[in-house]
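*Asks:* Protein chains in written order, with this note's numbering: chain A, 7 to 256; chain B, 7 to 256; chain C, 7 to 256; chain D, 7 to 256; chain E, 7 to 256; chain F, 7 to 256.
Since the hints were made in silico from the structure, they are not lab data.
Take the hints with a grain of salt, since some may be wrong.
If several chains are the same, the list does not tell them apart, and a pair holds so long as it fits within one copy or across any two.
[Unchecked claim] Simulated crosslink set (DSSO-like; lysine-lysine; CA at most 27 angstroms straight-line): (1) 25 to 252; (2) 25 to 170; (3) 170 to 100; (4) 224 to 123.
There are 6 protein chains.
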Amino acid sequence: MSQFEALNALKTIRPSGRKPDQLRSITIETGVTRYAEGSCMVSFGHTKVLVTASVEQGVPPFLKGKGQGWVTAEYGMLPRSTHTRSRREAAAGKQSGRTQEIQRLIGRSMRAVVDLKALGERQITIDCDVIQADGGTRTAAITGAWVALSMACNYLLIEKVISKNPILDQIAAISCGIFAGTPVLDLDYEEDSNAETDANFVITGSGDAVEIQATGEKRGFSRDEFNALFDLAHAGAIELFALQNKALGK
Amino acid sequence: MSQFEALNALKTIRPSGRKPDQLRSITIETGVTRYAEGSCMVSFGHTKVLVTASVEQGVPPFLKGKGQGWVTAEYGMLPRSTHTRSRREAAAGKQSGRTQEIQRLIGRSMRAVVDLKALGERQITIDCDVIQADGGTRTAAITGAWVALSMACNYLLIEKVISKNPILDQIAAISCGIFAGTPVLDLDYEEDSNAETDANFVITGSGDAVEIQATGEKRGFSRDEFNALFDLAHAGAIELFALQNKALGK
Amino acid sequence: MSQFEALNALKTIRPSGRKPDQLRSITIETGVTRYAEGSCMVSFGHTKVLVTASVEQGVPPFLKGKGQGWVTAEYGMLPRSTHTRSRREAAAGKQSGRTQEIQRLIGRSMRAVVDLKALGERQITIDCDVIQADGGTRTAAITGAWVALSMACNYLLIEKVISKNPILDQIAAISCGIFAGTPVLDLDYEEDSNAETDANFVITGSGDAVEIQATGEKRGFSRDEFNALFDLAHAGAIELFALQNKALGK
Amino acid sequence: MSQFEALNALKTIRPSGRKPDQLRSITIETGVTRYAEGSCMVSFGHTKVLVTASVEQGVPPFLKGKGQGWVTAEYGMLPRSTHTRSRREAAAGKQSGRTQEIQRLIGRSMRAVVDLKALGERQITIDCDVIQADGGTRTAAITGAWVALSMACNYLLIEKVISKNPILDQIAAISCGIFAGTPVLDLDYEEDSNAETDANFVITGSGDAVEIQATGEKRGFSRDEFNALFDLAHAGAIELFALQNKALGK
Amino acid sequence: MSQFEALNALKTIRPSGRKPDQLRSITIETGVTRYAEGSCMVSFGHTKVLVTASVEQGVPPFLKGKGQGWVTAEYGMLPRSTHTRSRREAAAGKQSGRTQEIQRLIGRSMRAVVDLKALGERQITIDCDVIQADGGTRTAAITGAWVALSMACNYLLIEKVISKNPILDQIAAISCGIFAGTPVLDLDYEEDSNAETDANFVITGSGDAVEIQATGEKRGFSRDEFNALFDLAHAGAIELFALQNKALGK
Amino acid sequence: MSQFEALNALKTIRPSGRKPDQLRSITIETGVTRYAEGSCMVSFGHTKVLVTASVEQGVPPFLKGKGQGWVTAEYGMLPRSTHTRSRREAAAGKQSGRTQEIQRLIGRSMRAVVDLKALGERQITIDCDVIQADGGTRTAAITGAWVALSMACNYLLIEKVISKNPILDQIAAISCGIFAGTPVLDLDYEEDSNAETDANFVITGSGDAVEIQATGEKRGFSRDEFNALFDLAHAGAIELFALQNKALGK
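Full structure from sequences and hints, please.
*Replies:* Structure, rendered in structure tokens:
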């Protein structure tokens, strides 16, 4: 009986009735906006994120004349994407620290699998707007971002703007956590609010990680606990890669 | 042959092939988010606006202790809701003058048909987020806002938080304009960018107007021209009222 | 007995004792500052707005190299121009939505009567600063703005910077409203605070309108009511054109 | 022959033809706005500052419950009060360091001659808005501020809000500088831009100074030079006190 | 030969000549400011961070009346703490995303080892100001923050403000990375700029982790690589705990 | 018996036990950071300011192409440099009026003794960060700024970037005040908070002043009182010049 089989044999403690290693129902619908070069609505259960990839000529000042492109990301939550309404960041006059942290993470993750030289002197901006939040918005955003980014690169190839696909590898992200003492995959909001440890993993198609952010919310976590989370994440990522490919019609 | 029949007899000059007094295909889908007390996705052709109505206890400081409620609105466009990406207002650190103008208009329009005393000391915030923009986002937002607001008031009635429906009348909004010399109803982006005159009308179920904003974009407009636009708006509003009622299951 | 004669026959209901179609005492004093290329102090009764027109070389980035000029406007109220002191916008760190709405309106109105090609690659900025506010500041500002703008264009002609007057038509603005059930012209603050409907009209010398902003403050307004306001505005504009011309020594 | 007679005997080097110890033509017109509890337009030659004093109930948080009042000041320049248009601070989103420095100086100066206990728990805000700038705006502002402040205190006495005049002494301000090697009084813009040393003195009716700000613009200044400026300031202040009293009808 | 012995047997590839598992020279000098309830200057080689812990009565609004305290942190870099001068954040008008990310990390780390109930309704703010930056500023800041926090808690115990030490465990942080293909401990700037993977670990005295942030800078990292970094971090933390205790005189 | 001997003969009234004309213990330690072209930690008693001088290519836009350089300064206080923690300006989103006033003063003072032509088209930015505040931070900052600036100029000479030393004269600053009726030199915080008059003098090696800022805190000050302060400042400056030279190894 494998590690996961053992976990799953337990009477589940998850509010949703899911098994510890079970993802929520995940869908990635592409082509959801008319204008963006790439777009998708990615749903992880009730979490829904609208992702667009926009191609623009030119690069930020610090890259001028270096013969390479740039990929960056912005993230936002609609004010009533949450249980109670949050203040609109545009009205507040600034993005919160959490927002900036998340959009930096998405941008770094995308750049980890893009050949910026092959992109040429242009920028792709990934906008991730949370329509509905039920935990895991940043991992859903990253998973969808790669799909939108791939579509935008395909567009550039088809339009013969570039001749080589700058996408080097597949990438997806998933959250794991220790809930009620048990390592579980893909936390929803109810689990996330009560998790003892919360960890986000960004993993490439080759199986390497490019980002890990793990936080002990109420207590520290042991090496074994962390390893169990890492195992769950690897297994989850493989499912996400398949869903991404399916969304892209591969 | 009536005024509109005469207009429609002309070989249409509209890029979409619509008749001068023809609305785009309009849909109002309610209940599109899990958390908001009222919500809808309103589409005027390719223009799509997600509207939520959020009920919160308490009122702004200037109304404290006056025994009445408040209805306000916020408006935003997703960065890639437009043909080319616009800067995210939260990143820019402020809302543009246009955004503020529109959200003030939506708020005033809603308050025109709400009995704020009957609402009690609570606030309903209408969030109008443009998912895709193809002209007429503010009028689509107002039309959807009334639907979301009605749902939120129904929620308060059902929950017995209030005993009397604060909604006094129905309200909807529509744009009209003079395009290629002809008065037309419900401008799309291509028409809007080239219109000689652009006018937005907010009209109540009783047939009165509560807001008119008319602008001569390239030249002034005559009294006759304005009257033709006003006629179109009245006729369009009647269609919108029916669509709103249908969306609410009336 | 004409429509206006009938109105005026009524025992007036206006706090100021004015007849329904009677403007306040209006003065436009030009040349009130030493430095601006055009300037005036425009008074509509107790409302006083200092307007300057400043010519600057160059145009905003979005017009670079297009062989045309630009006219824009900024608006502000001195903190104690009002009955009770308002917060200074420079100290608050931003302009209110109302301020932005008004300055956008002034700018659009001026551009409606200027040949931007004839202006060449230069910008004229109209600053409208309210010294004292008693209702109708935006319409007084527009009426004065045209005078200051004309002076600045004359200056450019006299200095032989341009060879053709870019001013295409005259333009003025006036507010009307329904006060105590009666349509009245040129609302003062006391009327404005209690008006059922408030409408601002920007009208050109040729009799066309370029902007209409009408708001039902407490209830909607009927088509007939709106038409009565429009009639008042047309009549008022003719008086304003004469005052503008007199101020310019024509 | 006194020190000043000696100076004046010299062929004047001042662009305006004034004698070294000669003030510009100075006027203080009171009651220039309808709403403010105190107001004046103060002119030092072409420099014109509109000053209002506004009484408000309550004090800033740091003074709550201490049984005393507060006097504070704000300063602004209209965008075209200067030779070339300056950016509007409200549009820029912040007040410049210079603006803050000046308004802090005005506030401190006023508080130096006010018995804050006698004022009670209320605040008087002095707004100094420069209509036209030709050097010496801060000293004109202070000189006018005392007049507006006195009027506001008189208003409180007349209304029997307070029973004792909180004004302890008279106060006025004047600039002096070394221009073309000569100490001169009340610099205009042309002198100010070329002065070797620029000094502002705030002086009370009792002859004491409450603020001195002296700056060597191109070189340092000697003790003797400073003393000559201080002498000029004392003489100028006496003239200003008389003008303030005359403005107040004393 | 253990894992680390094997690593160290290699001819070192570190620019500093350090062995792979060797910390820089680390010092923690306490009591470096007169006013703060706790303070230290923590140096990791050339990286120097001044840390103060300030006790204030009261808690943030979201904790009012909940019978518990709060620990938060702020982080900043002096403009010339870096090789080339960076823009001062106070002058720029906002904290960068990086700054916010780091100060949130420091705050979460401290709260992980504090019994907020035992702290009572007061807040301890940890200020971490980087005097000189040579890599690892956030880990140095966390390591020093625990020392300053402990001092502040001791102060509260000695002053009998609280009766029970709210510090539950020791905590320290260290960076590790893969440099030139080799896992190394405590990266300096030269290593950090060229590292293939960069990971920060926050570890408690009990050996658990409370935060892990790992980033593949140029490529992803394998599970084995990550485990090597985790091993280095555990070993490094033990050294840091001893240095913290020594600094506190334990 | 001289003026100062007479003062000193009095039983001292200073909290620190210092004589009226006695400076605090002053130290200037140079070379305190690795990266800055010039740096020092300047201490006036418990007041400690870290000063760095950073050389950058290029000048601000208003000096482009004028063949001269620029010297500017920025000032900040660490949040807990004071008795009670102050809000971090970067978190507040703006620099206070006091901060801006001080950094403008430091910049003007430095420029008064620099030949900007000799500096060439480069900028030296002086950062003055207060590590601990016990009164006199701005005068300590100026005194240290000249040392750091001199070091940066020496660096440019040694590197043969410039061929002539742009430093024209020495400069230092000192505060004086009237405390308990007595003129005293170099006020500490306890004296400063209770001083009747507070004056800052910036004085050059040639004995001229370049800046004087004197404020009557509780009452005005007489001409005689001011002269006594000026005498103290001149004497104090001579001591500071010696300390600056010693710090520079002259």
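*Asks:* For every hint, state whether the structure bears it out.
*Replies:* Hints, verified against the model:
1. 25 to 252: within (24 angstroms within a copy, 42 angstroms between copies)
2. 25 to 170: Classified as neither: same-chain Cα gap 42 angstroms, cross-chain 42 angstroms, threshold 27 angstroms.
3. 170 to 100: neither (38 angstroms within a copy, 39 angstroms between copies)
4. 224 to 123: between (44 angstroms within a copy, 14 angstroms between copies)
In summary, the numbered hints that this structure violates are 2 and 3.
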